[in-house]
Amino acid sequence: MTIASDDSKRLVDAIGHAVANKKQLSIVGQSTKSRYAHSSSGDALQTRDHVGIIEYQPDELTISVRAGTPIREVADILAANDQTLACDPPRFMGGGTIGGAVACGLSGPGRPWYGNVRDAVLGVEMVNGLGEQLRFGGKVMKNVAGFDVSRLLVGSLGVFGLILSVNLRVQPKPQIERTLVTDMEWDKAWRAMCGAIAKPSAVTATCYCSGSLYLRLSGNRASVAEASSILPSGLETANDVWEQVRDHTHAFFNNEGQLRRSWYGRGKKAQLSEDEHVLVEWAGAQLWSYEQASTRVALDANTDSEPFDRSVANPPIESKYVKRLRRAFDPHRLLNSDVRL
Amino acid sequence: MSLEFAIELIKSTLPSECVLTEPTATAPFETDGLTAYRQRPPIVALPRDTNDVRQVLRICHETGVPVVTRGAGTGLSGGALPHEKGVLLVLTKMNRIIEIDDVGCTATVQPGVTNLSISQAVADKNLYYAPDPSSQIACSIGGNVAENSGGVHCLKYGLTLHNVLGLKVQTIEGDELVLGGNGYEHAGVGLIPLFVGSEGMLGVVTEVTVKLLPTPPRKEVLLGAFDDVESAGECVAAIIARGIVPAGLEMMDALAIQAAEDFAHAGYPRDAATILLCEVDGTSEQVSSDAQLISELMEAHGAANPRRATEAEERDRLWQGRKAAFPAVGRISPDYYCMDGTIPRRHLGKILARIAELATKHELRVANVFHAGDGNLHPLILYDARDDDQLHRAERLGVEILELCVQVGGTVTGEHGVGVEKLDPMCSQFSKPELEQFFRLKEVFDASGLMNPGKAIPTLAHCSEIKGMHVHGGKLPFPELDRF
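As they're listed, the protein sequences go chains A and B.
Just so you know, my numbering puts the end of the first sequence at 341, numbered straight through with nothing missing.
Just so you know, my numbering puts the end of the second sequence at 1484, numbered straight through with nothing missing.
Derived by calculation from the structure, the hints in this document are not laboratory data.
If you're wondering where the values come from, they're calculated on a predicted model, not measured in any experiment.
Beta carbons are placed, not taken as given, at the ideal position from N, Cα and C, and that holds for glycine.
Among these hints, one or two may not hold up.
Simulated pairs of lysine to aspartate or glutamate, DMTMM-like, Cα-Cα distance not exceeding 20 Å [unchecked claim]:
#, chain 1, residue 1, chain 2, residue 2
1, A, K22, A, D43
2, A, K269, B, D1102
3, A, K323, B, E1173
4, B, K1219, A, D43
5, A, K188, B, D1101
6, B, K1432, A, D43
7, A, K269, B, D1101
From chain A, some residues computed to sit far from chain B (all C-beta separations above 12 Å) [what the hints assert, rightly or not]:
#, residue
8, I3
9, A4
10, S5
11, K23
12, Q24
13, S41
14, A44
15, Q46
16, E73
17, A75
18, D82
19, T237
20, D240
21, Q244
22, Q258
23, Y264
Just chain A, with the same shape it has in the complex (with noise of 0.2 Å):
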């Protein structure tokens, strides 16, 4: 375990510094997913050194961490009281910051069940481009005081300034996971996993690879395997797939190649001949697929799709706006400031 430090005022004196010297920095974190979150010119702005525990209440379900902690380590604490992180942000190379969390917004295979970074996080205190030290939401479930910010900065990269603290949801850890697998044609897989959304079960991640469906089911011994019967033909699996799902450590993610992430809208089916070399989860809502080996997956009017790295343009109206956010923030453009959003 890190010894907790707090390197606030180093981090927020250093911004200070930037702005009157109108010095460009480039926040990082463990440089985990610099795949998906390239680094920006400017000095390094390290965070790693502000790390720990502020304040943890099981019985109130938060955690408020420093933006530099390990996420292992917060799961570590967590799992100790029996509770998770309402949410399953990818751990790349086993590592990643809770401020990093925050900034990408990714979301690991349990996303449709128990939501996202977004859905998790409750306040924040940051430094904006003006060096000023900022705190919103709050500690609480309930807080419509002000604009959301905390929220709108999950997925923000950091362009909106520097991450010093979180406050996020915790949730009761299951007492029982299992996971079945079957074989499956996709159509029958879809159908299966949309059910998984449309009746109550205890299905709380799925995935289709190389013409296998796999189920988590989460809860009690008794609603877990009532879920069973879901799969009849499933056979139990090790519970590892998921996290080799969500940290890219599954054999899928081996490719060469370009990797791109499509959303498909609830309810609405990708189009999959049966040799194609995809990754499906989210109850068919995401699937990852590689540039070479797979440019026939058919994307319609319901989906939206981006390489993992990320280099394409949003659409040109939102990006009107999203530049005069990133003015309304970082007037001086010093913070990640080749960031593309």
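For chain A, the structure is supplied; the task is to place chain B on it using the hints.
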């Protein structure tokens, strides 16, 4: 001058049945759910569709006339209070359910659709829309988005924000923003959180796509009566510590219990200091084991023989008392003032004791209704508005209660919004740079400050007036405009 011009333009653009200017016709719109504030709108526009909305916004933008957006008008913080020199844009005619997808479990609706009618429209498919503010029979989904409305099931199912997948928003500059959709993620930065809960300050929502949830196959409601607030609070902590996230968890104090029981005859124990109502839902097996454990925990914390309601009729009866708490309190006092602070749950005992002290100081009675699961406290301050001094004391007590909530790490509004009502306590919760950051965010979407001016975010001048905060004058453009 510009207002008259705007009225003429709107009259010549929208059909006559969509424009109200006669005082008798506009009178019903002079207040929302916070009836202490009233302002007759000079013009009410009732757009039929998105195009009408865009036309009205264009006219307001071109003439520099403020525009206040209103849904069903059930808001409790005066967010839809009309502007004396502005247009009131009422979206109730846009009440069409556009699409229901029972495979993907989503509904796409116009903003004037009522909260409850979404659940009613999909009930036969065993689906429902989870957030259920107590005004759900009347309040509109557009208003829910504007306020980020909650309800009694937030701890498990989240706020409006957690249940909205997509929005179409019209800006006063004439752009349509298509945010999200019917999936979980989309390319680009997610702006939905900025618009949810923005109280009509940034744009007008013209379409909402919400997530529908499968109706739980089983529900059970438990009622425990406690001799003191602390035991009930500890019981709540124990339930959560045992890994249960109840669908609903409500607490009422003695005065609220007695008022509710006299009014709704729900069968509450009239001699209890506090009652806890706890609903669990889910699969049959999960509900059985959770309810058994909760019953044991209630007993262990001093609630003898908790009542367990498994049948719909009995469950509804137990909920009826809680849901009727506000009108019930209305019967025992000429007027009441509903607060909406949120606190970390563990401070409940301390806060209630302090509220009682403050009430004594101000010589007023307070009934407490508490969303115990999520820490949202609704003290109802009883007063008589005919007595100016009582009204003044009630307002003073309200401010002190909210300051108390902020001091223990809570917030001045959990679910009712800031509107015009909580501008003062916002000055305690946010610093000058934080308020300035809010101002800059508003300017991103509404540079001329025409969208719902004077609401939700207090001006620095306002805060300095009430607490002597220093303001750097002249930093904002158009300082003569009444902002936010």
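Comparing the hints with the structure gives:
1. A:K22 to A:D43: holds, 12 Å
2. A:K269 to B:D1102: Measuring from Cα to Cα gives roughly 14 Å; hence the hint holds.
3. A:K323 to B:E1173: Status holds; Cα separation ~15 Å.
4. B:K1219 to A:D43: violated, 56 Å
5. A:K188 to B:D1101: Distance of about 19 Å is within 20 Å: holds.
6. B:K1432 to A:D43: violated, 29 Å
7. A:K269 to B:D1101: holds, 13 Å
8. I3: Given a closest Cβ separation of 25 Å, the condition holds.
9. A4: A4 (chain A) is indeed farther than 12 Å from all Cβ atoms of chain B, at 20 Å.
10. S5: holds, 23 Å
11. K23: For K23 (chain A), whose nearest Cβ neighbour in chain B is about 21 Å away, the distance exceeds 12 Å, so it holds.
12. Q24: holds, 20 Å
13. S41: holds, 20 Å
14. A44: holds, 23 Å
15. Q46: Per Cβ check, Q46 (chain A) is outside 12 Å of chain B; nearest 24 Å; holds.
16. E73: Since the minimum Cβ distance to chain B is about 22 Å, E73 (chain A) lies beyond 12 Å and the statement holds.
17. A75: Answer for A75 (chain A): holds, closest chain B Cβ roughly 16 Å.
18. D82: Not fine: 6 Å to the nearest Cβ puts D82 (chain A) too close to chain B.
19. T237: Consistent with the label, T237 (chain A) stays out of reach of chain B, its closest Cβ about 23 Å off (over 12 Å).
20. D240: Check passes; 23 Å lies beyond 12 Å.
21. Q244: holds, 20 Å
22. Q258: Per Cβ check, Q258 (chain A) is outside 12 Å of chain B; nearest 15 Å; holds.
23. Y264: The claim breaks: Y264 (chain A) does not keep its Cβ more than 12 Å from every Cβ of chain B (closest is about 6 Å).
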